[in-house]
Structures are given as C-alpha cells and as structure tokens.
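> Chains as they are written, first to last, in the working numbering: chain Z, 1 to 235; chain F, 1 to 235.
Since the hints were made in silico from the structure, they are not lab data.
For clarity, every value in this text was computed on a predicted model and none was experimentally measured.
Glycine is no exception: its CB is placed at the ideal position from the N, C-alpha and C atoms.
Warning: the hint list may mix true and false statements.
Examples of chain Z residues lying across from chain F (beta carbon under 10 Å, computed) [claimed, not checked]:
1) K57
2) Q58
3) A136
4) P141
5) G143
Chain by chain, the residues:
2 protein chains.
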Amino acid sequence: MTAKGKLWGIGLGPGDPDLITLKALKILQAVDVVAYPAPLEGESFARSIAAPHLAGKQVEYPIRIPMVADRGPAQDVYDVAAKDLGTHLIAGRTVAVLCEGDPFFYGSFMYLFQRLIDDFDVEVVPGVSSVMACAAEAGMPLGERTDVITILPASLSEIDLENKLRDTDTAVIMKVGRHLSKVRTIVERLGLIAEACYVERATLPEQRIIPLAEISDDAAPYFSMILVQSNGGRS
Amino acid sequence: MTAKGKLWGIGLGPGDPDLITLKALKILQAVDVVAYPAPLEGESFARSIAAPHLAGKQVEYPIRIPMVADRGPAQDVYDVAAKDLGTHLIAGRTVAVLCEGDPFFYGSFMYLFQRLIDDFDVEVVPGVSSVMACAAEAGMPLGERTDVITILPASLSEIDLENKLRDTDTAVIMKVGRHLSKVRTIVERLGLIAEACYVERATLPEQRIIPLAEISDDAAPYFSMILVQSNGGRS
Numbered sequence: 001m002t003a004k005g006k007l008w009g010i011g012l013g014p015g016d017p018d019l020i021t022l023k024a025l026k027i028l029q030a031v032d033v034v035a036y037p038a039p040l041e042g043e044s045f046a047r048s049i050a051a052p053h054l055a056g057k058q059v060e061y062p063i064r065i066p067m068v069a070d071r072g073p074a075q076d077v078y079d080v081a082a083k084d085l086g087t088h089l090i091a092g093r094t095v096a097v098l099c100e101g102d103p104f105f106y107g108s109f110m111y112l113f114q115r116l117i118d119d120f121d122v123e124v125v126p127g128v129s130s131v132m133a134c135a136a137e138a139g140m141p142l143g144e145r146t147d148v149i150t151i152l153p154a155s156l157s158e159i160d161l162e163n164k165l166r167d168t169d170t171a172v173i174m175k176v177g178r179h180l181s182k183v184r185t186i187v188e189r190l191g192l193i194a195e196a197c198y199v200e201r202a203t204l205p206e207q208r209i210i211p212l213a214e215i216s217d218d219a220a221p222y223f224s225m226i227l228v229q230s231n232g233g234r235s
Numbered sequence: 001m002t003a004k005g006k007l008w009g010i011g012l013g014p015g016d017p018d019l020i021t022l023k024a025l026k027i028l029q030a031v032d033v034v035a036y037p038a039p040l041e042g043e044s045f046a047r048s049i050a051a052p053h054l055a056g057k058q059v060e061y062p063i064r065i066p067m068v069a070d071r072g073p074a075q076d077v078y079d080v081a082a083k084d085l086g087t088h089l090i091a092g093r094t095v096a097v098l099c100e101g102d103p104f105f106y107g108s109f110m111y112l113f114q115r116l117i118d119d120f121d122v123e124v125v126p127g128v129s130s131v132m133a134c135a136a137e138a139g140m141p142l143g144e145r146t147d148v149i150t151i152l153p154a155s156l157s158e159i160d161l162e163n164k165l166r167d168t169d170t171a172v173i174m175k176v177g178r179h180l181s182k183v184r185t186i187v188e189r190l191g192l193i194a195e196a197c198y199v200e201r202a203t204l205p206e207q208r209i210i211p212l213a214e215i216s217d218d219a220a221p222y223f224s225m226i227l228v229q230s231n232g233g234r235s
C-alpha cells in the first residue's frame, strides 16, 4: 500500500438502475472520482445505469475505449487510465470505476485491476450479472441440483460452440451480436431450438424476450444473450 | 391471472446485507408476507441476510425443507408452501420469497415458481450470485473475451468433474461440502492446484479465502466454492 486513496470496481447490474446494490450505491455517492468505460464517441452505458444516483458534484473520468478486434489500442488506453487514476489515489482521493453487470464477469475492469492491485488498495464490489437478469426476465431457471451451466461467448468457433452445447445442461451464450445466425444454426442442428430463448437489453425499458425459433434477424445488439436448456428443461 | 396479489422471488445476494439490490429492498419492505426457506430446525440463512432490512411488522412464513438426498419430502413441502402462498395471493396479499444469492441459480425458488406461475402474477428479481461474490473477494476475474466459464456442482462424479475441468477456461465448483477432498484430488491430478482458490461464506464476517493447495480439511461447509483458472490465469 503506497497511497491514502482507495479504488473500487463497482458492479452496477444489468441496466435497471434499481438493480444496483446498496453497497455499490453508498460507494458511488461517497467517492471523489467516478470513472467509467465509454465508446470513443457517445454515451457510456455504465454511466447511464448510475446516472439517477449521481449528485453531479464528483469529478468524472470517462475511459474511452476503441472497439476494435486488435487488443493493442485498448490496452494502451488502460495504461493511460491506470496512470491517471493512480495519480488521484496517490493524492489521497477515492475512486469508483463503474462496471455494467459484474466487474469480473467479462468486464473491462479487470484490465485496470491488474495494473493497480500491486500498488493500491483495490476492492471489487460484485454486481447482478446479465446472466441472472436474463434468466429472471425470461422465466427460465438456470440450474438446479447437479446441473452444469456453461457460459459461452458467441464469438467461439462453430465447432467449439456445438461441442460445448452438447455437453451441458444449460448454456448461456453471451454477446450474441453479429453471431446470431451462426448460433441459431447450431442450436437448430442440435434439436434444441424449442428450448432456446433470446434476450436483448434485459431489465431496460427496451428489453426484448423472444423464443429463438421466432427470431429471423441476422444480427443482434452486443448486449444480447441466448439461454438454452440443453437438457430439455427442468423436471 | 386469477388473483389480485403478486408474488416476487427476490435475490438477496451472497450474504452481506448491503449486497441486496435497491429493487429487492423496496419489495421486501412493501409486501404483506415474507416467506423464506429454512432448515427443519434453526435459522434461515436467507432471512438472516434480510434481517437488518425487516421492520418486523410483516407476516413471516418459513418453508422448512428437509435436507435429505431423496427429493420426495422436499417436493411435498413445496406443494404445501405453494398452496399456502396461493391462499395469500387469492386474498389479494403481496408476497416476497427470500432467496440467498440469485433465485434461479441453484435456488429452491424455482420449485415454487413452477407451481405458481400458471395461476398468479410472479416476478423474479435477480440477485448478486455467490459466483461473482467469490471472484470479487478472491481477486480472481472469471473470464474475458472468448473465455468459457463452467459452473460445476461438486456432487458430480469424479470423471465428469475431471472432463469438464479439462475443457474450460474457468471452472466454478459449487457447494463443495463433503466433496472437498475429491475435488482437490482432481484439481491436483490436472496440474491446476496453483490456479485454484477456495472461498467459504463469501462476503460474511466469517469469510475464508485460501489457496486450494493450502487446504487440508476433508470437508467444507455447504456454502463454499472453488474457483479454478484452468487456462493458467489471464493474460
């Protein structure tokens, strides 16, 4: 520990501002600096979830991350952000990094965590994950007893996705986006289309929940998910 | 819809009462009846998480579930509970069923949901899962980019556990309990012992976080978990 400040990575939940935890809310409202990931231009989804809870008197620090396949540019951005947030911490300030969903579940917070944990006091506050939010909204239990649940990024290869889908009780296919038609093809081939549900922007006013069989789009938003009960539903 | 009442299954999070969501808190404090799973004798863990938030003026309904391997006795209890809660709903009362963690993630709430969803207005409020809480407390990110995350009940057979552990980037082994030495043996055999962390009662005052390599116990509490970064940790 080399500094008086403290950094929190706080999970804000899937989108509904009321799905923030009391713990995250208290930290959010008490810190000196509020940092959040944002696209190069336009609004930060994480900040939009937190917005109703912000009093507007805090220093804000958007971390503008280029959305490109190459990892290099984003890693450069995290280098700069870690340095800037480190400067606040050394000066004794408290900092919250806002995270959609949960900070350690496919979140970009881990890249800041890795850069800052050796030198600073860093705490992770878990949040409601989109996985649990989608299951709740779709009315589809994720698992019971000895069920195996597998979380699969939709960007996996067709063969990988198919093998993993065969080998689990419940599959949660994340970040569907442009992989929608690939995923639908695989789920159909496995005879699981009747057990699959598509959920877009869970818990937000524009949420869509549709049986996968009824989806004819070729692409979906990044924040979409497909739940598949590979064992044919629960007893 | 045949009744004026409404039933919510509300996720309370992993144990720290501050990890309840604002949404769950508002429902908890507004409903007429608060129901919760409990052992045959003694305290309900779900109720203990909610306790600091209860004003003590609500009807309480413990659902006392026998902890036996045979499913029959518990299913009989859910039949009776669904009937009793249905009576409240028909009378126009609002009911919250308290759930540790998330209601649809290995939670007993699904058994009430299945029995009541066809006749009543039922809403599931997702909660912070112990998976995300353990990762946060252990400082171990669950996954990034194309990582596959597999949730494995520790009660799976040795061969199933070993095969699934080989075939994932991160494994979350749930409900370790009396399966601790079996799990440790498998993780050691796969050469993953240095990447495995044991977490007991995450976010509670009595929380324990220990590298699996340093655990010599043969059994663990039911509410314990082992995280394994099968790909050897993140880049």
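> May I ask you to test the interface hint for P141 of chain Z with respect to chain F, counting a Cβ-Cβ separation under 10 Å as satisfied?
Since the shortest Cβ distance to chain F is 4 Å, the answer is holds.
> Would the hint on Q58 of chain Z stand, with a C-beta cut-off of 10 Å toward chain F?
Since the shortest Cβ distance to chain F is 19 Å, the answer is violated.
> Holds or violated: is the Cβ of G143 of chain Z closer than 10 Å to a Cβ in chain F?
6 Å, holds
> Minimum Cβ distance from A136 of chain Z to chain F below 10 Å?
4 Å, holds
> Does K57 of chain Z hold up as a contact with chain F if the rule is Cβ-Cβ below 10 Å?
21 Å, violated
Violation of the numbered hints given earlier is confined to hints 1, 2; the remaining hints are satisfied by the structure.
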